[in-house]
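Chains as they are written, first to last, in my numbering: chain A, 1 to 128; chain B, 1001 to 1169.
Just so you know, the hints here were simulated from the structure itself, not pulled from any lab data. Take these hints with a grain of salt, some might be off.
Stated by the list, open to error - Residues on chain B that point at chain A, a partial pick, calculated with CB under 7 Å: (1) LYS1067; (2) ALA1071; (3) GLN1096; (4) GLY1101; (5) MET1130.
All of these numbers come straight from a predicted model, not from anything done at the bench. Glycine included, every Cβ here is placed at the ideal spot set by N, Cα and C.
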Amino acid sequence: MAMSRDEIYKKVQEVLVDALGVDDEDVKPTATLREDLGAESIDFLDIVFRLEKTFSIKIPRGELFPENLLSDPQYVQNNQVTPAGVIELKKRMPHSDFTEFEKDPIVDNMAMLFTVDAIVNYVAGKVP
Amino acid sequence: MRWIWIDKFTDFQPQVSATAIKNVTLAEEHLHDLYPAYPIVPNSLIIEGMAQTSGILVGEARQFKEKVVLAKIGKAVFHRLVRPGETITYHAKVDQLSEAGASISGTVTAVASGAPVGTFPEPVAEIELMFSHVDNNMAGMKFPEHNFVFTEQFVQLLATYRLSSSINL
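Could you build all of it, start to finish, from the sequences and the hints given here?
Written out as structure tokens, the structure reads:
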């Protein structure tokens, strides 16, 4: 039987509690991994490993958390994500909500895209 | 200084698991630093022993081409102290291994050296570690070309195990 979104959310919550040492109640759907949950760069790999194990899925490198975008001048100029960059990001991260980010698409605001909800959306698209 | 906290491998299954032992002797200086008159192995060095056992397991999986660094201690739960005259056994199991790094779950047990045959080793700790292949993860940072992680001392440990396990004495 397919997993419900609620079941996926609960398991994602457990993954983040274990990986980041945060409390259950901190892991809200809109919480951002870096700012709200204090994730550091190495935690992203830890989260990927734990999600793969928990849901028995394979997460190809860069699919959940895109890489190598910031160093491309076509996508980032003067700390600003270019329109082409936003299009590319949306293509690579269909699981993220861009509403807030698009209001001020500076590089620092990219952290807004990495939310608990984005992970749940991603996993929901992966599990049978 | 020789920064090696395991004595030898007793089992090595590439990309799967590794077991190493460490005999603890009263002659080791660091045993005396925590509690006067009550020498113990500091738990931090038990984590290091597990990290070395696991790190060599992870490094071997990519023929020691990657610079494998300990990135995160996910869990370290200790049940009892380890004292001189005991043998520590580190057992590391690969949970995940990818281009970016690896995660390991490990158990640590100990038994008094010279204990009667069949004495069951006691649980000392459960440790979960995560390793990063730094060249693949630290974009923009430059590291030395040579593999500074796996020195001859480490590689020799595995070579010794392979040699001894291939000879029937």
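Quick rundown of the hints versus the structure:
Annotation: LYS1067(B) was flagged as interfacial toward chain A, and the flag is violated, the nearest CB pair being 14 Å apart, outside 7 Å. With 7 Å as the threshold, the beta carbon of ALA1071(B) comes within range of chain A, its nearest partner Cβ sitting at about 5 Å, so the hint holds. Restraint check, GLN1096(B) versus chain A: the minimum CB separation of about 5 Å is within 7 Å; hint holds. Here the hint on GLY1101(B) is kept, as its CB sits about 6 Å from the closest CB of chain A, short of 7 Å.
At about 5 Å, the closest approach between the beta carbon of MET1130(B) and any beta carbon in chain A falls short of 7 Å, and the interface hint on this residue holds.
Violated hint: 1 only; the structure is consistent with all others.
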